[in-house]
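Q: Take a look at the letters that make up each chain.
There are 2 protein chains.
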Amino acid sequence: MNEDLRIREKYEEIRNLLNEKEYRALRGMLNDMLPYDISVFMSESQAKERALIYRILSKELAAEVFAYLDGDIQHQLISSFSEAEIASVLDELFLDDTVDFLEEMPAYIVDKVLKVLSKTRPETRQMINMFLKYPFDSAGSIMTIEYVSVNQNYTVEDAISKIRRVGLNKETVYTIYVTNENRILEGVVSLRKLLFANNGDIIGHLMDSNLIYAYTNDDQEKISALFRKYGLLSLPILDKENRLVGIVTVDDIVDVIEEENTEDFEKMAALRPSEKTYLKSSVWDLAKNRLLWLLVLMASGMLIGLILGAFEKALVVGSLVVFMPMITGTGGNAGSQASTLVIRGMALGEISSKDYAKVLWKELRVALSIGIILGAFNFVRIVIQYRNIEQDPVKIAFIVAISLVFTVVAAKITGGMLPMLAKKIKVDPALMAAPLISTILDAVGLVFYFGMATLVLGL
Amino acid sequence: MNEDLRIREKYEEIRNLLNEKEYRALRGMLNDMLPYDISVFMSESQAKERALIYRILSKELAAEVFAYLDGDIQHQLISSFSEAEIASVLDELFLDDTVDFLEEMPAYIVDKVLKVLSKTRPETRQMINMFLKYPFDSAGSIMTIEYVSVNQNYTVEDAISKIRRVGLNKETVYTIYVTNENRILEGVVSLRKLLFANNGDIIGHLMDSNLIYAYTNDDQEKISALFRKYGLLSLPILDKENRLVGIVTVDDIVDVIEEENTEDFEKMAALRPSEKTYLKSSVWDLAKNRLLWLLVLMASGMLIGLILGAFEKALVVGSLVVFMPMITGTGGNAGSQASTLVIRGMALGEISSKDYAKVLWKELRVALSIGIILGAFNFVRIVIQYRNIEQDPVKIAFIVAISLVFTVVAAKITGGMLPMLAKKIKVDPALMAAPLISTILDAVGLVFYFGMATLVLGL
Chain L
5 MNEDLRIREK YEEIRNLLNE KEYRALRGML NDMLPYDISV FMSESQAKER
55 ALIYRILSKE LAAEVFAYLD GDIQHQLISS FSEAEIASVL DELFLDDTVD
105 FLEEMPAYIV DKVLKVLSKT RPETRQMINM FLKYPFDSAG SIMTIEYVSV
155 NQNYTVEDAI SKIRRVGLNK ETVYTIYVTN ENRILEGVVS LRKLLFANNG
205 DIIGHLMDSN LIYAYTNDDQ EKISALFRKY GLLSLPILDK ENRLVGIVTV
255 DDIVDVIEEE NTEDFEKMAA LRPSEKTYLK SSVWDLAKNR LLWLLVLMAS
305 GMLIGLILGA FEKALVVGSL VVFMPMITGT GGNAGSQAST LVIRGMALGE
355 ISSKDYAKVL WKELRVALSI GIILGAFNFV RIVIQYRNIE QDPVKIAFIV
405 AISLVFTVVA AKITGGMLPM LAKKIKVDPA LMAAPLISTI LDAVGLVFYF
455 GMATLVLGL
Chain F
5 MNEDLRIREK YEEIRNLLNE KEYRALRGML NDMLPYDISV FMSESQAKER
55 ALIYRILSKE LAAEVFAYLD GDIQHQLISS FSEAEIASVL DELFLDDTVD
105 FLEEMPAYIV DKVLKVLSKT RPETRQMINM FLKYPFDSAG SIMTIEYVSV
155 NQNYTVEDAI SKIRRVGLNK ETVYTIYVTN ENRILEGVVS LRKLLFANNG
205 DIIGHLMDSN LIYAYTNDDQ EKISALFRKY GLLSLPILDK ENRLVGIVTV
255 DDIVDVIEEE NTEDFEKMAA LRPSEKTYLK SSVWDLAKNR LLWLLVLMAS
305 GMLIGLILGA FEKALVVGSL VVFMPMITGT GGNAGSQAST LVIRGMALGE
355 ISSKDYAKVL WKELRVALSI GIILGAFNFV RIVIQYRNIE QDPVKIAFIV
405 AISLVFTVVA AKITGGMLPM LAKKIKVDPA LMAAPLISTI LDAVGLVFYF
455 GMATLVLGL
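The listed protein sequences derive, respectively, from chains L and F.
Under our numbering, the letters of the first sequence match residues 5 to 463, in that order.
Under our numbering, the letters of the second sequence match residues 5 to 463, in that order.
Chain L with its partners taken away, still in its complex shape (with noise of 0.2 Å):
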C-alpha cells in the first residue's frame, strides 16, 4: 500500500507541473519513472494531457510505454499522430509489440502504420505481414524475433561481442541460440555459462544441445506448459523446417497464464470470453456476452418445465414443491464441485483423458459418501420438522432424501465425466461447468424427484 501512496504523490507531482507548464521538470520527472507507471497515469489522464505527456517522453521511453497502454488509448495516440510521429513510434517499438498493437487496431489504422512502415522500414513491414498470418493465440503470435543466434564455431569471445552489437533487451539476451547455416536450431547456451567460460572457449563444447523448443502454429497454452513444467525463461520457436523463427520470453509467458485462465473463468461461468476489461466494456457488449448463454440455458429451463408437466399429480402436493430449490441446488452445487476440479485438473495437465475410469471409481465413492450423508441427515430433519403435514412424513422424507442421494451421485459422476467427454470430443471442457451441470441436473434431479414421489405415493 504504501508502494501505491507514493506512486499516487508521484501522480500528483505530474498534474501540478502540467497544470503550471514546467515541461522541463516534468521531462526530468517522467524519465526517472518506470514506463508502466508512466501508462497508468496517462490512462487516467484526458485526451489532451495525454498527449502532450506523450510527446514529453524521450522517444525510446515513449515506445517502452506504448506498449503497455491499452488498445483504445494506442488507437486514440495513433490516430492523432503524424506519419513522422508513427515512424518514430515504430522505430523504437520491439517486434512483438507492434505485432501486438496492430492486431487491436482497426483496418483504417493497420492501413496508416503499414504505409508508414513500407516507406520507412520494408524489411520490418514483410516480417509484420507474416507475423499477422500466424493463428490467433500460437506460439507464432505471441513470440519475437529479437534474439542472438551464433555459430557452433564462434568462441565465446565472438558471442559476447555478438551479444554488445545486437544489444538487445534483458529477457532476450539471456539465452543465447546456436544455429547452423540453414538457421537449423542445434543448441543453446546461457549468458551464464559464457561468464563461467575462458574468452577462447568454442561455442559448441559449451552449448547444451538437450533441446526443448515448440513450433509456431503451437497453441499458447501448450508453451506456457512448457514453461511452467521446466521452468524457462525462453523457449525457442521453430518452423516446419525445423528453423529457427523466434523466440518466446518467460514475462509474456505471464500474461498468457492470466488471459488462459481468464478465459476459462469465463467460459465456466456461461460467459462469451471478451478480450476488454470489465470497466471498458460497455453495457451493449456485457449484454451480448452474457445473453447467448443464459438463452441456451434458459431453453433447457423451459424443457425442463415441460418434462415436469408430466407429473401433474405430483406437482401439485405443497410439501413436494418446498423441496424443489433445496434439490436442485444441492445437485448443481455438488455437479459444479466436481466439473471445476477435472477442468482444473485437466487445465494443468494433471488429469489426462486416460484417466477417466479414476475419476469415475472416485467420484462414485465422494458421492455415495456425500449422498448418504446428507440424505439421512434430511431424512431425520423431514420426520420431525413435517410431522404434522397431509401426506405420511415418513414417506415424505424418504422421498426427498433418496432424491438427494441419486441426484448427488448423478451430480458428481456427470461434472467428472462431461469435461472429459468435451475433451475427447474437441471442445472446451471449461465450458462443463456449473452453469451447464446445474441445468442438466434440474432435469435429472426433478424427474427423479416427482417420479419417486409419484410411485411412493400412489399418485
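It is possible that some hints are incorrect.
Since copy identity is lost for identical chains, a pair holds within one copy or between any two.
In silico lysine-lysine, DSS-like type, Cα no more than 25 Å apart, as pairs [stated by the list, open to error]:
(1) K52 <-> K116
(2) K116 <-> K358
(3) K430 <-> K399
(4) K52 <-> K14
(5) K292 <-> K399
(6) K428 <-> K284
(7) K197 <-> K52
(8) K317 <-> K399
(9) K197 <-> K63
(10) K14 <-> K244
(11) K63 <-> K233
FYI, nobody ran anything at the bench for these hints, they're computed from the structure.
Assemble the complex: chain L is given as a structure, and chain F must be docked to it using the hints.
A: Same frame as chain L, but now just chain F:
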C-alpha cells in the same frame, strides 16, 4: 505431441536398461535428460526402481530432480535414506527448495533433516529456521537467498568476478543487487548492463535506483501482481528495516499464479482449497473438502423451503410450479456471470473497491436489457404454449415475465456487489461466486414469483 512421444520412447529405453541392469549406460542416458523429465519417470515408477534411479544420478542432478518430485515421493525417498545420503541431498539443494520440501514433510522427517543439518551445516539450519517462520504464502516463504549483491564502489570487473565466484543458477545472476554496509538496498544493475559497460566503470554510476521491491510479509498474490505489471525477472525482498534478505524469481511466480488461480477456481465452486492434486487426493479428503459448503448451502435451501411454505395456495398451482426451475436457473446463471467478472476483475487489479458505483450502474443497465429480452420472449411463448391451462395464460405469462426481469436485475446486482462488499470486509471475494449467489437468488426469485402470483391470481 511429437515431443511427448519422444519422451515416452526414452522412458521405454530407461525401463529396458533397468531390467537388463545396464547401470552404466543408464547413468549416461539419465545425465543427458532434463531433471523434470526424470522426475516424471520416477513418479510413474515403483518405490524400488525409484530409489535405484535416484542413486544412479550424479549428485547435482539428483538434487535438481529431487526438487521437482511431489511431496509424497520426497517423503518416501527421504525415509529410506541414511543420514549421509540426506546430507548429500541437502548439500546440493537450493535453500528455497529445501524450505519448500520441509514445509510438506511430516514432523518426524523435518526433525530428522534438521538434525542432520545441525551436524553438517549449522548456518543453513539457522536460515531454515528463519524461513519456516514466515507466514504461509508470504514473500518470505517463496523467496530465495541465493543472489549476488555488490557494493556501490565495485567496478564492473569486481562485480563480474564476484558473480563468477559465487556461481549461482541462471535466474539469480541476471540482476545484481547493490547494497550498503548495512545491507540496505540501494540499486539494481542487470548483467546485460555490465556486459555493455567498461571493466573500470563504477557500479554506483551504472545502477538503477528506481527500485521495485516488496517485504517479507507481503502476500504472494501482491508479489505476482508486481511481476505481471512490470514484467520483472526477479524482485528484491526486504525486511522491516529495509535490508535486502532475499529475492523472488519469475519461474517461482509462474507457479504462484497457477496456485492462486486454482484456489480461486476452487473457492468459486464451493470447494475448500486443497494443496493436493485431484488424482492424489483420497476419497475422504475430496468428500471433506466438498461437504462443508454443501451443508451450508443446503441449509439455505431448507430455509427457502420454509419461506415457500408461506405461499401455500400458490404452491399447489401446477402451472406455476413448472416455471420454478427456469426462474431459479436463470437467476443463478445471471448472477454468477456478474460475480465471475467482478471477482476476476478484482483479482487482476482491474476493478478496485472504489469502483462500486460504476459496477452498480453498469450491472443495472445490463440486467435491464437482458431481463426485458428474456421476459418478453417468455411472455409471448407462454401465452401461446400454455393457452389451454386452467388459469388465465396471460396472467401466468405476466407473472413469469415480470419475475424473470426482477430476478435477473436482483441477480446481476447481487452478483456484482457481493464480491466488492466481501473485499471491503476482508472476506475473499472468490467465495461470493456461483454457489452462494445461486442460493440467494433461489430465495429472492421464488419469493417474488410466488408473491406476485398470490397477488395477480388473487390467491
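Q: For each hint, tell me whether it holds in the structure or not.
A: Do the hints match the structure? See the list:
no.	hint	result
1	K52 <-> K116	within (22 Å within a copy, 66 Å between copies)
2	K116 <-> K358	neither (51 Å within a copy, 39 Å between copies)
3	K430 <-> K399	neither (45 Å within a copy, 45 Å between copies)
4	K52 <-> K14	within (20 Å within a copy, 62 Å between copies)
5	K292 <-> K399	neither (47 Å within a copy, 29 Å between copies)
6	K428 <-> K284	between (36 Å within a copy, 23 Å between copies)
7	K197 <-> K52	neither (49 Å within a copy, 36 Å between copies)
8	K317 <-> K399	both (16 Å within a copy, 22 Å between copies)
9	K197 <-> K63	between (34 Å within a copy, 20 Å between copies)
10	K14 <-> K244	between (50 Å within a copy, 23 Å between copies)
11	K63 <-> K233	between (38 Å within a copy, 22 Å between copies)
When each numbered hint is compared with the structure, violations occur for hints 2, 3, 5 and 7.
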